[in-house]
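Could you use the hints to bring the two separately framed chains together as a complex?
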Amino acid sequence: GAGVSQSPSNKVTEKGKDVELRCDPISGHTALYWYRQRLGQGLEFLIYFQGNSAPDKSGLPSDRFSAERTGESVSTLTIQRTQQEDSAVYLCASSLTSGGSYEQYFGPGTRLTVT
Amino acid sequence: GNSVTQMEGPVTLSEEAFLTINCTYTATGYPSLFWYVQYPGEGLQLLLKATKADDKGSNKGFEATYRKETTSFHLEKGSVQVSDSAVYFCALNRPGTASKLTFGTGTRLQVTL
Numbered sequence: 002g003a004g005v006s007q008s009p010s011n012k013v014t015e016k017g018k019d020v021e022l023r024c025d026p027i028s029g030h031t032a033l034y035w036y037r038q039r040l041g042q043g044l045e046f047l048i049y050f051q052g053n054s055a056p057d058k059s060g061l062p063s064d065r066f067s068a069e070r071t072g073e074s075v076s077t078l079t080i081q082r083t084q085q086e087d088s089a090v091y092l093c094a095s096s097l098t099s100g101g102s103y104e105q106y107f108g109p110g111t112r113l114t115v116t
Numbered sequence: 009g010n011s012v013t014q015m016e017g018p019v020t021l022s023e024e025a026f027l028t029i030n031c032t033y034t035a036t037g038y039p040s041l042f043w044y045v046q047y048p049g050e051g052l053q054l055l056l057k058a059t060k061a062d063d064k065g066s067n068k069g070f071e072a073t074y075r076k077e078t079t080s081f082h083l084e085k086g087s088v089q090v091s092d093s094a095v096y097f098c099a100l101n102r103p104g105t106a107s108k109l110t111f112g113t114g115t116r117l118q119v120t121l
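From first to last, the protein sequence lines are chains A and B.
Just so we're aligned, residue 2 is where the first sequence starts under our numbering, counting upward by one.
Just so we're aligned, residue 9 is where the second sequence starts under our numbering, counting upward by one.
The shape of chain B in the complex, shown without the other chains (with noise of 0.2 Å):
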């Protein structure tokens, strides 16, 4: 079955370093991505999606890249902001309809200043 395997938090960054938060997947046939944020005391929503290889999501400075090659989805921002402390969840689900999302654990970033 789907799969999608995150890297352990919690991520602690000082304010303005470089992210990334690791994603891998395991899924029949060519999923659609997803990063979803959870800021603290809100709902989970959604960051950024790609739909097909090589597509780039991007969002508020964040991006991933749908790489087929290496079954990767990495979230990657340049220089984080306190405000970026969250938790970033990771996700896949069939394309083209509407379908269940598979998602990784988890990762808690902190970010200080």
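For reference, chain A alone in the conformation it holds in the complex (with noise of 0.2 Å):
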């Protein structure tokens, strides 16, 4: 079946500008989650969604970065008023929340790159 997807791949925005990343999970997983990897570092975790609910937000840097989650389905991570600090990609997986596998499948990635 499809796994999860992203949109866009790439996103080259001018510092100022707000953006919208968007991931679409794998059909059936409850579970959403953002990350953000910075060059040269480890994933950093923004933000859990359990269904559009999100019981874990304390990875957001900030409050120009904000997240919904329609219903089960896709979400967008928006960053508002980017700086060029918020340059990384940004990766979205998501996974099942019963029948104890809970193994988490990751999308490709948006590259966001701030000038």
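The set of hints was computed from the structure by calculation and includes no laboratory data.
Nothing false has been slipped in among the hints.
Some chain A residues well away from chain B (every beta-carbon gap over 12 Å; in silico): (1) P9; (2) V13; (3) G72.
Computed cross-link-like contacts, EDC-like style, restricted to lysine to aspartate or glutamate with a CA-CA straight-line distance of at most 20 Å: (4) K64/B / E84/B; (5) K58/A / D25/A; (6) K60/B / E71/B; (7) K12/A / E50/B; (8) K64/B / E104/A; (9) K68/B / E104/A; (10) K16/A / E86/A; (11) K68/B / E84/B; (12) K64/B / E77/B; (13) K60/B / E104/A; (14) K68/B / E24/B; (15) K76/B / D62/B.
Examples of chain B residues toward chain A, derived with CB under 8 Å: (16) G51; (17) A106; (18) K108; (19) L109; (20) G112; (21) G114.
C-beta atoms are modelled at their ideal positions from N, C-alpha and C, and glycine is treated no differently.
Next up, the structure:
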């Protein structure tokens, strides 16, 4: 079946502009996660959705970052007034939340470059 | 809080050499442990996992054993191939539930002929 998909694959934006990143999880996966990978660094957790609620948004770095999810489907991560330090690959993952297997499946990522 | 420490790369090996990539962790309780791999131009994939002490995860010739006493989960392979060239990430999360992963910084492996 289809895996996790993300769009766009690449985004170049000017400092100060807003951007929206999209994630389509695997069908039936109720959990959805956003991570950020800066160049040469590991993945940082941003936010976790269970259905359309976000019980853990402890990783959002500032109030410029927000995310929402429609039901158990698409999620969008919005970054307002982008800064150069926001440049990174943004990864989305999804998983089941029952049945004993909580393996996270990752999408290909969106590479964001802020100029 | 939770953290994962991996050996710095890059690691460069000749084909058929033995591979070890060290990973140690700090966590409350007994986390689930994972190795993820990112091949060039591809997304992150789960390589193997272990969910309790002394468990050994294995896949594609790679192995890692959950060592509670040393809080380690070192990745090993007896004979690497050029196709194993990738970035390897050690990670952990809270067991028995869907929860965020805490990742190490990744170790790049380059295998040459």
